[in-house]
Amino acid sequence: MDRITDQIYKHLGTFWEKLMEFIPDALLIILIVASGFIAASFVNHIFQKGFRAVRFDAWSEQIGFTTALRKAGFSISPTKFMGSFLYWFVVVLFFMAGFATLGYEVTDALVSVFFMYLPRFFSAVVIIVLGYFIANFLARAVLIAAVNAGIEYSKLVSESVRIFLFILAFAMALEQLAIAPKIVLAAFAIFFGTIGLALAIAFGAAGKEYAKRALSRLFSKKEEDSGIDQL
Amino acid sequence: MADPELAREDIKTAVTNGSADIVIGIASYNNARTIGHVVRAVDAGLAKYFPDQRAIIINSDGGSKDSTPEEVLNAKTDHKAVFLSHRLHPVNRITTPYHGIPGKGSAFRAIFKLASELGAKACCVVDADLRSITPEWIELLLSPVFKEGFDFVAPLYSRHKYDGTITNSIIYPLTRALYGRQIRQPIGGDFGFSGRMTDFYLNQDVWNTDIARFGIDIWMTTEALAGGFKVCQSYLGAKIHDPKDPGSDLKDMFVQVVGSLMSLTEKHHEQWMTLAGSTDVPTFGFKYMAAVVPINVNTEGMLRHFRIGAENLRDLWAGFMDKEAVSLLVTMAREDAPLFRFPKEAWVRAVYDSLLAYHHRKLAPEHLLKSLIPLYYGRTASFFLETAEMSDEEAESVVEEVAAEYEKHKNYLTANW
Chain A
23 MDRITDQIYK HLGTFWEKLM EFIPDALLII LIVASGFIAA SFVNHIFQKG FRAVRFDAWS
83 EQIGFTTALR KAGFSISPTK FMGSFLYWFV VVLFFMAGFA TLGYEVTDAL VSVFFMYLPR
143 FFSAVVIIVL GYFIANFLAR AVLIAAVNAG IEYSKLVSES VRIFLFILAF AMALEQLAIA
203 PKIVLAAFAI FFGTIGLALA IAFGAAGKEY AKRALSRLFS KKEEDSGIDQ L
Chain B
63 MADPELARED IKTAVTNGSA DIVIGIASYN NARTIGHVVR AVDAGLAKYF PDQRAIIINS
123 DGGSKDSTPE EVLNAKTDHK AVFLSHRLHP VNRITTPYHG IPGKGSAFRA IFKLASELGA
183 KACCVVDADL RSITPEWIEL LLSPVFKEGF DFVAPLYSRH KYDGTITNSI IYPLTRALYG
243 RQIRQPIGGD FGFSGRMTDF YLNQDVWNTD IARFGIDIWM TTEALAGGFK VCQSYLGAKI
303 HDPKDPGSDL KDMFVQVVGS LMSLTEKHHE QWMTLAGSTD VPTFGFKYMA AVVPINVNTE
363 GMLRHFRIGA ENLRDLWAGF MDKEAVSLLV TMAREDAPLF RFPKEAWVRA VYDSLLAYHH
423 RKLAPEHLLK SLIPLYYGRT ASFFLETAEM SDEEAESVVE EVAAEYEKHK NYLTANW
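Line order of the protein sequences matches chains A and B. FYI, this note's numbering numbers position 41 of the first sequence as 63, with every residue one higher than the one before it. FYI, this note's numbering numbers position 39 of the second sequence as 101, with every residue one higher than the one before it.
Please keep in mind that the hints were generated in silico from the structure rather than gathered at the bench. One or more of the hints may lead you astray.
[Unchecked claim] Stretch-level coverage of chain A by chain B, calculated; a stretch enters the list once three of its residues show a Cβ under 8 Å from a Cβ in chain B:
hint, region
1, 157-164
2, 167-178
[Unchecked claim] In silico SDA-like pairs for lysine to any residue, Cα to Cα no more than 20 Å straight-line:
hint, chain 1, residue 1, chain 2, residue 2
3, B, Lys424, A, Phe78
4, B, Lys313, A, Gly172
5, B, Lys313, A, Ala171
The C-beta atom is built at its ideal place from N, Cα and C for all residues, glycine as well.
Using the sequences plus the hints, can you model the full thing?
The following block contains the structure:
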């Protein structure tokens with residue numbers, strides 16, 4: 023019985039020692055995280071002011087960023103969205119910095135993985151954002167061109183282009199993040215390969231007459247155009 | 063006659079004393095069928111009305127694959143046919159390729175440059191595809207400059223009611239409302255201008271824009287108006303020309319012309335913001351009833367384009383137009399052809415909204431301009447239906463009503479600029 027009691031006391035003693043060792047580290051982490059929140063608020067405030075000064079909301083409206091946010095379910099302004107993003111980024115940064123102070127092997131590994139992953143994360147964000155804008159711009163160009171070419175299902179054509187480009191950007195972002203790259207590649211190849219094949223078969227089987235009509239309309243339109251000087 | 067192989071730097075010395083009083087420019091591209099007639103008319107006009115002036119005809123060619131340059135140099139004028147025995151100075155002819163962006167504007171730039179180097183007092187440019195040009199056109203385009211001291215002479219033609227639809231629906235009424243002067247054919251293509259005006263044009267840095275293409279005509283007219291130059295117009299009769307090259311795309315023409323007009327509106331906002339109403343400009347030439355070539359139009363085809371546009375572009379239009387205005391367009395698109403009407407009020411509002419969208423950068427300029435094409439088709443189809451039973455003169459009064467509508471609602475544009 024005494025042996026058991028001794029063992030318990032011994033382990034409790036070790037626990038107490040470890041706890042006493044950890045408490046300053048924990049306090050330090052809490053301090054770092056707390057200063058992280060303060061720094062994040064400061065960064066948020068400064069950036070929101072800066073964004074307002076350069077009329078970031080108006081610019082976002084013009085380029086379609088506001089619409090994109092609304093579609094994604096965010097009802098806040100682009101300035102507030104960017105401010106919040108930076109706020110939480112700074113908080114996470116301080117949190118990771120706090121962990122780094124512990125000096126344990128596990129936390130050190132976690133922190134180094136986090137910081138090594140950051141460039142990939144930002145590249146993926148840039149790819150997604152650029153992909154979104156390029157997809158929108160090209161989809162709009164296709165929509166207008168299709169309408170002016172007299173294609174009745176212009177919206178369908180345009181939406182297909184938008185979705186295709188966005189999936190492409192999303193797949194590129196996933197590859198950048200190194201999330202199941204082989205699966206992404208295979209899924210991508212299978213998905214678009216299937217669509218391409220389906221379209222080829224559909225056009226070959228059913229589109230012959232449509233292509234004939236479209237071509238004849240195109241040529242007859244050119245003849246019509248030659249009769250009038252619109253300038 | 064000039065040598066067809068004449069190098070550009072030798073052109074000045076090929077002309078009497080390296081100078082000329084009058085320069086006539088003809089921009090061409092594959093116009094072998096008609097350019098001979100144009101050169102003969104110009105030559106006869108110079109001999110008949112300006113026999114004492116040193117003149118030169120410059121053909122600025124865009125690399126024609128037919129015999130356009132040869133036609134220019136070989137065109138023979140029978141002066142006896144126009145009751146002339148001789149003239150003091152022979153009229154030199156030069157055909158030269160131009161450099162830069164392929165287009166009418168670049169061709170004109172080469173003409174301006176030569177005219178400036180030769181110190182020409184008066185110049186005019188005429189289209190190479192004209193079938194109805196007569197020697198009198200040269201007098202009517204040059205005399206206001208030579209004898210009356212005007213800087214810019216715009217043409218005034220008799221045209222079929224269905225001809226010049228971009229001019230009638232946008233260019234004429236908008237230019238009139240903005241700059242307050244009633245120039246009926248701002249993009250007529252045949253203009254007269256002074257040496258002062260030539261130098262002004264030449265010194266503008268616009269030759270890498272759409273102005274180097276089809277935008278040149280509206281640019282020349284607008285710069286003359288906005289720059290406070292002395293402006294007039296001359297009645298030339300009917301304008302009959304070769305059928306347009308089927309390869310020339312309406313969409314490109316529309317984008318270049320309307321895009322140039324919008325960029326000029328942006329550039330000259332300080333001039334037009336304070337103007338209201340419009341006044342006539344001095345008009346030369348004897349007006350007569352000229353026969354015009356009838357035109358067959360495909361109203362149903364235009365309506366189809368408008369309907370496709372209304373169905374597919376309404377969200378895009380809603381980005382720069384009122385929701386009610388877009389709803390009205392969509393409702394209109396459902397009307398059948400005989401009853402279909404695109405009210406002038408809705409049309410003017412759509413044009414002003416697009417100008418404001420251009421100014422406030424709500425959309426990429428090319429997207430904005432191309433998204434207007436279905437609207438233009440709708441308005442043009444409506445005009446065709448509305449004027450189907452009208453004479454050319456009656457149809458002209460409809461164009462005037464639209465122009466008045468632009469003036470009436472100009473304050474909407476200025477208030478939202």
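Hint check:
A count of 3 residues in the region 157-164 of chain A with a Cβ less than 8 Å from any Cβ of chain B is obtained; the coverage claim is therefore met, three being the minimum. As drawn, the region 167-178 of chain A meets chain B at 9 residues by the rule of a beta-carbon pair under 8 Å; at three or more, the given contact holds. The suggested pairing of Lys424/B with Phe78/A holds, with an alpha-carbon distance near 14 Å, which does not exceed 20 Å. Proposed proximity of Lys313/B and Gly172/A is supported: the alpha carbons are some 12 Å apart, at most 20 Å.
With a C-alpha separation of about 10 Å, the suggested pairing of Lys313/B with Ala171/A holds against the 20 Å cut-off.
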